[in-house]
Amino acid sequence: MAAGGGGSGDPLAPAGVPCAFSPHSQAYFALASTDGHLRVWETASNRLHQEYVPSAHLSGTCTCLAWAPARLQAKESPQRKKRKSEAVGTSNQTDLLALGTAIGSILLYSTVKGELHSKLISGGHDNRVNCIQWHQDSGCLYSCSDDKHIVEWNVQTCKVKCKWKGDNSSVSSLCISPDGKMLLSAGRTIKLWVLETKEVYRHFTGHATPVSSLMFTTIRPPNESQPFDGITGLYFLSGAVHDRLLNVWQVRSENKEKSAVMSFTVTDEPVYIDLTLSENKEEPVKLAVVCRDGQVHLFEHILNGYCKKPLTSNCTIQIATPGKGKKSTPKPIPILAAGFCSDKMSLLLVYGSWFQPTIERVALNTREPHMCLVRDISNCWAPKVETAITKVRTPVMNSEAKVLVPGIPGHHAAIKPAPPQTEQVESKRKSGGNEVSIEERLGAMDIDTHKKGKDDLQTNSFPVLLTQGLESNDFEMLNKVLQTRNLNLIKKTVLRMPLHTIIPLLQELTKRLQGHPNSAVLMIQWLKCVLTVHASYLSTLPDLVPQLGTLYQLMESRVKTFQKLSHLHGKLILLITQVTASEKTKETTSPGQKAKLVYEEESSEEESDDEIADKDSDDNWDEDEEENESEKDEDDVEEEDEDAEGKDEENGEDRDRASEKELNGDSDLDPENESEEE
Amino acid sequence: MVEEENIRVVRCGGSELNFRRAVFSADSKYIFCVSGDFVKVYSTATEECVHILHGHRNLVTGIQLNPNNHLQLYSCSLDGTIKLWDYIDGILIKTFIVGCKLHALFTVAQAEDSVFVTVNKEKPDIFQLVSVKLPKSSSQEVEAKELSIVLDYINQSPKCIAFGNEGVYVAAVRDFYLSVYFFKKKTTSRFTLSSSRNKKHAKNNFTCVACHPKEDCIASGHMDGKIRLWRNFYDEKKYTYTCLHWHHDMVMDLAFSVTGSSLLSGGRESVLVEWRDATEKNKEFLPRLGATIEHISVSPAGDLFCTSHSDNKIMIIHRNLEASAVIQGLVKDRSIFTGLMIDPRTKALVLNGKPGHLQFYSLQSDKQLYNLDIMQQEYINDYGLIQIELTKAAFGCFGNWLATVEQRQEKETELELQMKLWMYSKKTQGFILNTKIHMPHEDCITALCFCNAEKSEQPTLVTASKDGYFKVWILTDDSDIYKKAVGWTCDFVGSYHKYQATNCCFSEDGSLLAVSFEEIVTLWDSETWELKCTFCQRAGKIRHLCFGRLTCSKYLLGATENGILSCWNLLSCALEWSAKLNVRVMEPDPNSENIAAISQPSVGSDLFVFKPSEPRPLYIQKGISREEVQWGVFVPRDVPESFTSEAYQWLNRSQFYFLTKSQSLLTFSTKSPEEKLTPTSKQLLAEESLPTTPFYFILGKHRQQQDEKLNETSENELVQLPLTENIPAISELLHTPAHVLPSAVFLCSMFVNSLLLSKETKSAEEIPKDVDMEEEKESENSDEENDFTEKIQDTNNTDLGEDVIHQLSKSEEKELRKFRKIDYSWIAAL
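Protein chains in written order, with UniProt numbering: chain A, 1 to 678; chain B, 1 to 830.
Source of the hints: derived by calculation from the structure; they are not laboratory data.
Owing to the predicted nature of the structure, the values given are computational and were not obtained by experimental measurement.
Incorrect hints may appear among the rest.
Some chain B residues close to chain A (C-beta under 10 angstroms, calculated; not the full set) [what the hints assert, rightly or not]:
no.: 1; residue: Gln328
no.: 2; residue: Gln364
no.: 3; residue: Ile374
no.: 4; residue: Gly430
no.: 5; residue: Ile437
no.: 6; residue: His438
no.: 7; residue: Glu442
no.: 8; residue: Trp473
no.: 9; residue: Cys490
no.: 10; residue: Arg637
Heads up, the beta-carbon is just placed ideally off N, CA and C, and yes, glycines get one too.
Whenever a hint applies, use it, and build me the whole structure from the sequences.
Next up, the structure:
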């Protein structure tokens with residue numbers, strides 16, 4: 001029956017580790033782990049804000065902690081709304097954190113300064129501090145301990161204001177009433193004290209084990225007809241060690257019975273409880289209970305009187321790791337704490353390990369009875385020192401991301417088939433013919449290949465290989481065929497391809513064209529052959545436009561910069577030839593200048609100069625022409641492709657022609673340049 | 001009900017932190033920096049703001065520790081006052097009124113009762129360094145008119161003046177010369193860089209100066225990146241200087257370490273360079289600090305450095321050149337292209353941050369959460385480099401998707417464009433790149449919007465571009481046999497007569513897409529992408545476009561560049577109304593029908609809040625800002641407000657934030673200024689009481705034992721002893737900080753008088769000793785009760801003291817209760 005959590009050997013110690021959200025906006029989450037370190041996390045950025053190790057952390061580990069209210073409002077009744085909405089300017093800073101230790105001392109830690117603010121020792125407890133509560137208005141702090149006493153501290157002076165015996169056994173939990181005039185304390189029985197006189201006002205009995213948590217759930221009595229004295233009619237909640245039931249009690253007038261009004265049932269011992277206070281009668285109380293088994297149970301209930309049956313939760317939240325692969329099964333991730341955000345519609349969940357918890361804001365959806373969140377916390381173990389200082393987060397950029405460049409399908413809208421009416425007619429007309437013709441042609445092809453097979457083994461095996469490769473999508477087989485550079489072979493293979501494989505072949509070629517430019521050079525040869533040889537077949541296809549749309553787009557985007565490139569090319573050539581020409585003329589004119597000194601022979605010298613210059617420019621021109629020719633060859637290939645395509649495609653014809661013109665224009669440019677040189 | 005004041009414009013996110021050098025406290029626990037009209041006190045350990053010192057009525061221009069009392073801080077401001085603060089408690093001690101605008105402040109330990117300030121009296125660009133004698137007076141406000149000029153014609157920036165060698169001389173630089181004033185000789189020597197007129201050295205103007213704390217050595221930084229170390233400058237002829245050169249761009253600031261053994265320098269390279277022993281060989285670097293180093297300062301204890309950066313950040317760096325903390329305000333370095341957005345997940349404000357990053361700024365806690373590195377490229381900070389800019393970003397589908405657009409354009413034809421679509425992975429709680437699109441358009445993307453309708457089954461994104469097209473991107477299934485995947489593909493490309501597409505937006509239910517093409521608004525059906533309707537007002541290019549919401553969803557609003565705001569009815573396809581308003585910013589409120597428009601007449605900016613259904617605005621506020629307002633956004637409130645008056649109802653569910661050209665983030669507040677500026681004194685003030693050393697435990701135990709003995713023996717005597725805490729005079733004496741106390745002469749008589757009231761024979765010397773332990777056991781001690789007559793308190797205190805020491809017997813308990821009852825009834829009577 002020994003409790004696993006808590007870190008102490010005491011079987012009746014509550015499970016879990018002391019932790020708390022900072023008040024009002026839940027900006028911070030303080031957690032005192034069992035190794036004695038106090039860590040404060042920023043909830044919004046999930047960043048370790050600070051870490052503090054009390055000097056006596058080994059002897060006196062932290063047993064409980066509580067955030068101080070943001071600031072004391074002197075002589076004013078607390079107005080919740082006002083404080084919450086304050087968002088701009090000097091926002092109310094949460095600062096002090098009270099830590100109770102196992103040796104009975106209470107430390108006040110300043111989170112703003114990052115250092116111990118003061119220590120409350122003298123006259124306090126001599127045993128483990130079980131619970132600390134700040135008074136919301138006056139600067140008082142209440143603590144209870146295993147030494148059976150409750151101590152009221154004056155925080156301003158760090159002195160004991162009052163100390164009294166709270167129970168016959170250890171006092172395990174405290175809670176201050178909403179109006180700040182009463183105090184609930186609990187060992188095994190729950191007592192309601194009047195703070196002014198320190199007298200017991202009511203007793204409540206019902207828990208068999210030490211009460212681990214106490215909380216007021218309402219701030220107004222359910223029926224507002226009677227005058228409200230600040231306490232009568234209010235409900236409060238209690239949870240106990242090893243108890244799967246949370247009891248709800250109502251403070252009533254003296255003579256009525258003192259047992260629990262109703263109860264909530266959860267799956268395990270409650271570790272952390274948070275609730276939203278209901279401010280009027282209609283508004284339900286929302287309750288989030290974190291259990292020792294790592295689940296969160298959410299309840300939503302309007303408190304009004306008795307209920308015999310224990311209520312079960314409206315919603316259960318669990319977190320698990322994704323099961324990687326088939327071998328590992330998903331493992332549950334324990335939830336450590338849960339707190340309602342100020343809008344009451346979302347919940348802050350703290351999960352993972354105590355040393356590196358993850359804090360997440362989850363929107364509530366009470367319609368689902370069970371929520372299982374899949375979270376990967378494996379990388380949370382990586383040291384995060386770097387981000388802690390620079391506050392830079394690097395989103396993941398991996399190779400799995402899809403990359404779209406112009407020409408790849410998806411970068412531009414796909415070309416959709418022409419309006420359906422005309423298409424139907426066409427398809428009706430053509431489909432019948434097509435089927436027959438394919439069958440016939442297939443038969444014919446088969447015969448053909450058989451015949452040719454005897455003649456030339458190699459060319460025979462290529463079409464067969466290619467068709468098999470296309471059918472089976474075998475990468476190796478396709479590679480073997482498509483990586484030939486032999487033009488004749490390509491032509492022959494394409495000629496012998498069965499017609500039904502033409503479209504798959506074209507698609508395969510398009511796919512390969514999208515790849516590396518080097519492989520695209522090879523594919524261009526294939527594409528050219530296919531388009532020239534099978535142009536007539538392709539033109540019969542009804543759905544040609546969508547089929548070849550991607551190819552068209554690809555080509556278009558590939559040749560988009562071609563015009564600019566050829567402009568550049570022309571300009572460069574012009575420049576280079578001019579430079580070389582000028583250099584040549586310099587070289588040749590320099591002797592000429594010398595000769596200029598001889599006045600009488602001027603005319604004959606000039607003639608010779610011209611001759612030399614002419615020769616030079618001739619040489620130059622030849623070289624250029626060779627270059628141009630080689631380039632033109634390349635261009636031609638593309639032009640031809642374009643031509644073939646242009647013929648096939650009704651839609652894109654206009655544009656294609658335009659590009660053709662451009663191409664022609666560009667090829668015209670070079671001779672022009674040359675003429676300029678001359 | 002919340003009381004309703006006038007709606008005021010309040011600043012959010014603070015002002016620049018990098019305006020002046022930050023100053024460390026003597027123990028390096030705190031760091032001070034100027035921020036607008038305030039001085040902020042930060043903790044160096046936690047990066048948290050401990051206090052905000054407010055009192056100045058204009059920009060604070062300089063802060064220095066009081067050299068004679070290191071718990072005090074001087075600050076000077078353009079409002080012509082020097083203020084002395086107690087920074088531990090955040091209290092203003094004194095104000096010295098000088099009268100003219102003060103531009104910088106310097107203090108020297110040797111000049112006991114005077115400080116040095118930079119003023120400009122006659123001409124606008126001529127500044128003088130003057131010493132101000134601070135008169136000693138007990139009053140809160142003192143006039144300090146005794147000025148004496150030290151140096152004339154100096155540079156305005158405090159970086160160009162330095163006091164050296166324990167205040168023996170002061171060095172100032174301007175343009176091409178260095179002037180040194182010796183206080184003892186009262187002479188000024190001036191050193192001009194000989195080659196200043198030479199073309200080769202055209203860029204060697206002085207930029208900053210620092211003085212060695214112990215030796216006669218002045219370091220000066222120059223425009224060309226050189227650092228010169230001047231020595232032997234007592235002699236105007238024999239002076240020497242050596243050069244240190246590492247920086248390739250201007251040296252922004254220099255600082256010597258406390259001992260003077262090393263020199264720190266920084267500049268645009270964002271590298272902190274530490275020159276050891278003032279030699280070129282021995283240097284250490286701390287690179288990649290993110291932005292230009294503007295200021296460097298060194299803590300008096302010598303253990304910390306700090307650098308202020310141009311991106312509104314202060315970095316605290318350890319002596320061994322390791323960054324230990326970053327105090328980051330709203331990044332203000334660069335222009336904001338993305339506008340203001342709200343991350344639906346964290347509710348943080350999102351906008352451009354560091355170069356290539358998106359910053360997430362929490363409005364609730366008013367501080368930066370983190371920067372999201374979108375570009376993931378090393379940033380090279382150099383003048384004249386054209387950087388890749390993050391030009392557009394949008395959140396979609398409740399924060400599950402983030403689209404970002406990066407752009408770099410060196411010349412008109414050389415546009416590089418990239419769009420990235422990030423998916424929020426719940427598993428890893430972070431963004432993962434899903435699709436990267438190179439050149440999504442041929443030209444700049446002008447607008448980006450997600451379809452955020454709740455029922456839309458397929459995430460849809462629309463991009464509009466100057467190339468005349470808008471593209472619709474949808475999320476499709478990209479799964480193959482190897483993996484399951486989703487990716488974005490282009491679904492539709494639309495255009496309208498080759499006009500440039502300038503804006504796009506989806507209607508609230510996602511059924512309609514409005515795209516504006518220059519002057520024309522087109523409406524497209526989002527199911528079939530058919531062009532449904534066009535509106536054209538011929539009133540100039542459309543600048544903003546948005547649909548009405550909720551009950552006003554049948555309206556479409558467009559604001560043009562020529563200052564016309566039009567509202568079209570989508571049911572009748574006709575113009576409903578139009579108004580003449582030069583709209584700069586138009587933002588719909590996601591939680592209501594309201595639309596906020598900020599117009600810019602000739603001067604200032606005006607806010608109009610209206611519903612599309614009626615052209616009469618709900619609320620008008622003129623002159624919300626003197627500058628141009630660039631962006632605005634409605635931020636949904638977590639907890640709705642309940643303003644009843646009609647004028648404020650638009651603030652009930654959302655709050656409106658806007659960003660001006662100088663990048664100050666402003667918002668509207670209805671709270672009174674007093675309430676806003678919650679003084680720190682109102683905060684929970686708990687006394688610091690710490691056992692300072694481990695020895696305390698040993699000593700404390702020992703003393704406790706002694707004390708107990710003493711208690712046993714002299715209990716009767718003690719009973720009638722007044723506790724020091726309860727005598728007002730003594731408590732006042734003990735609780736006031738030592739540095740604000742009047743002189744002991746005044747206190748003495750008061751102290752003795754207070755002791756005289758006691759009828760006991762105990763001598764005055766013994767009282768504090770005995771009471772030391774007693775006060776820890778005392779139980780009732782609040783300030784209000786100090787006025788009680790002593791007798792009641794005595795009995796009360798001693799009784800409770802006993803009660804703590806011993807276990808209470810029943811009778812004692814009863815007695816105690818009786819006492820308490822008496823006590824409290826008496827209070828009630830008061």
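Hint check:
1. With a least beta-carbon distance of about 6 angstroms to chain A, the hint placing Gln328 of chain B at the interface is held under the 10 angstroms criterion.
2. At its closest, the beta carbon of Gln364 of chain B sits 5 angstroms from a beta carbon of chain A; the interface hint therefore holds under the 10 angstroms criterion.
3. Interface restraint check: Ile374 of chain B against chain A, minimum CB-CB distance 7 angstroms, threshold 10 angstroms, status holds.
4. With a least beta-carbon distance of about 6 angstroms to chain A, the hint placing Gly430 of chain B at the interface is held under the 10 angstroms criterion.
5. At a threshold of 10 angstroms, the smallest CB-CB gap from Ile437 of chain B to chain A is about 4 angstroms, leaving the interface hint in force.
6. Given hint, His438 of chain B at the interface with chain A, holds; its Cβ is 5 angstroms from that chain's nearest Cβ, closer than 10 angstroms.
7. Because the beta carbon of Glu442 of chain B sits about 9 angstroms from the nearest beta carbon in chain A, less than 10 angstroms, this interface hint is met.
8. The beta carbon of Trp473 of chain B comes within 9 angstroms of a beta carbon in chain A, closer than 10 angstroms, and the hint placing it at the interface holds.
9. For Cys490 of chain B, the shortest C-beta to C-beta distance to chain A is roughly 5 angstroms, which falls under 10 angstroms, so the interface hint holds.
10. Proximity of Arg637 of chain B to chain A holds as hinted, the smallest CB-CB distance being about 7 angstroms (cut-off 10 angstroms).
The structure meets every hint from the earlier list without exception.
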